[in-house]
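Heads up: the protein sequence lines correspond to chains A and B, in order.
With our numbering, the residue at position 155 of the first sequence is 155, and numbering never jumps.
With our numbering, the residue at position 68 of the second sequence is 68, and numbering never jumps.
The set of hints was computed from the structure by calculation and includes no laboratory data.
Beta carbons: idealized from backbone N, C-alpha and C, even for Gly.
Accuracy of the hints is not assured; some may be wrong.
If you only want the chain B side, here are some residues facing chain A, beta carbon under 7 Å, derived [unchecked claim]:
{"#": "1", "residue": "R5"}
{"#": "2", "residue": "R14"}
{"#": "3", "residue": "I61"}
{"#": "4", "residue": "G65"}
{"#": "5", "residue": "V69"}
{"#": "6", "residue": "Y70"}
Just so you have them, the derived chain A footprint on chain B, three or more residues with Cβ under 8 Å [what the hints assert, rightly or not]:
{"#": "7", "segment": "30–36"}
{"#": "8", "segment": "51–57"}
Across the chosen pairs, the derived CB separations fall in these ranges [what the hints assert, rightly or not]:
{"#": "9", "chain 1": "A", "residue 1": "E241", "chain 2": "B", "residue 2": "A51", "range": "49 to 59 Å"}
{"#": "10", "chain 1": "B", "residue 1": "K73", "chain 2": "A", "residue 2": "P180", "range": "44 to 54 Å"}
{"#": "11", "chain 1": "A", "residue 1": "D7", "chain 2": "B", "residue 2": "S38", "range": "23 to 33 Å"}
{"#": "12", "chain 1": "A", "residue 1": "C157", "chain 2": "B", "residue 2": "A51", "range": "22 to 32 Å"}
{"#": "13", "chain 1": "B", "residue 1": "T75", "chain 2": "A", "residue 2": "G141", "range": "42 to 52 Å"}
{"#": "14", "chain 1": "B", "residue 1": "A2", "chain 2": "A", "residue 2": "L94", "range": "50 to 60 Å"}
{"#": "15", "chain 1": "B", "residue 1": "K3", "chain 2": "A", "residue 2": "M15", "range": "10 to 20 Å"}
{"#": "16", "chain 1": "A", "residue 1": "D151", "chain 2": "B", "residue 2": "P26", "range": "29 to 39 Å"}
{"#": "17", "chain 1": "B", "residue 1": "A51", "chain 2": "A", "residue 2": "G141", "range": "40 to 50 Å"}
{"#": "18", "chain 1": "A", "residue 1": "E258", "chain 2": "B", "residue 2": "T27", "range": "37 to 47 Å"}
{"#": "19", "chain 1": "B", "residue 1": "K39", "chain 2": "A", "residue 2": "Q238", "range": "22 to 32 Å"}
{"#": "20", "chain 1": "B", "residue 1": "A2", "chain 2": "A", "residue 2": "Y159", "range": "54 to 64 Å"}
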Amino acid sequence: MAEITLDQIIQPENMVYTRSRIMTDTVLHYCPGCGHGTVHRLLAEVIEELDLQSETIGITPVGCSVLMYNYMDIDMQEAAHGRAPALATAIKRLMSEKFVFTYQGDGDLAAIGTAETIHACNRGENITILFINNGIYGMTGGQMAPTTLPDMKASTCPYGRDVQMMGNPLKITDIVATLPGSYYVTRQSVHTPGNVRKAKKAIRKAVEYQKRNQGTCFVEIVSNCNSGWKMTPVDANQWLEENMLPFYPLGDLKVPEE
Amino acid sequence: MAKVRGAIVVDTERCKGCELCVGACPTDVIGMAEEVNSKGYHYAYMKNPEACTGCVNCAIICPDGVISVYRVKTT
Ligand SMILES: Cc1ncc(C[n+]2csc(CCOP(=O)(O)OP(=O)(O)O)c2C)c(N)n1
Ligand code: SF4
Ligand code: SF4
Ligand code: SF4
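Generate coordinates for the entire structure from the input sequences, incorporating the hints supplied.
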């Protein structure tokens, strides 16, 4: 039998994967290899699969992902730094039929926005929070964040985080899991294809569960900031696996009782 | 015996040359082109197309969503 040619394979009916149509054609401004783009794509796929495009309102943070509204073809609103859960609370309470999510970095969610995060989750607001933890303030030049690991270098701790002087990293997702208002709390990553698949399943649950009105769904994604970490994207993902994951272990922290 | 053949199409202008797809491919299909796109990035391409199974690993690791994947069963 004659071998099949590439032209015969590359036909519309044979397509098994392409970028979700919920992603706009705008080129992402993120650094090459940055996990923000991967997480945007997963969320877009879930919104498309669940047919929620016109039902969704997203809140963008201050941080590298501030311009997320340029990349997703859904309604979005920008919040002041760290205030996304407060804005999402208002929007969800006024429009309870909508799917409302926030998308926030660790500086946004776990430093300036700690109070909003904790109180929204403790009140059990029916919102979905996507928390991108890259251990650093990416946008402003790689300063130390509450999530920066002990001994990890950042521009404001060039010799590594000295916990005696600078305090300990904050595992805010662990705190959220202890709050009565949180419903589903999980920690995932997107640094390998297998982890991308698991992260997508978790995001899908966090979206679907919002319909149950049982409380806050919270998905941490341990991600990279290769520019801030001063590594190539490939090295950054390797470093993530060896250093971030022992400190921020992956898996569910709180699952609904079925 | 049924055999699965795959192929990828890279939107070379949007590729940022991060190389995450290279390591994600279990059959070593992807290489980085000598040439660069208009932004100056060496883009991903199929250096070894016969080995592609259409597993989509490369497409789902790509932060910029620039890879489309095709798959057929041949007999
Ligand atoms: C009220 C206020 N304070 C400080 C800043 C400066 N600022 C901009 S982004 C940022 C931190 C972003 O870090 P993170 O949330 O981890 O997101 P990343 O950029 O890493 O994705 C800070 C402190 C600001 N824009 N507004
Ligand atoms: S600075 Fe870091 S978080 Fe921001 S786009 Fe670049 S790699 Fe991503
Ligand atoms: S689809 Fe799978 S086999 Fe083909 S290039 Fe991508 S990762 Fe490699
Ligand atoms: S992962 Fe995407 S952006 Fe990175 S080199 Fe491969 S195709 Fe290009």
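Would you pick out the hints that fail for this structure and give their numbers low to high?
Failing hints, ascending: 7, 9, 12, 13.
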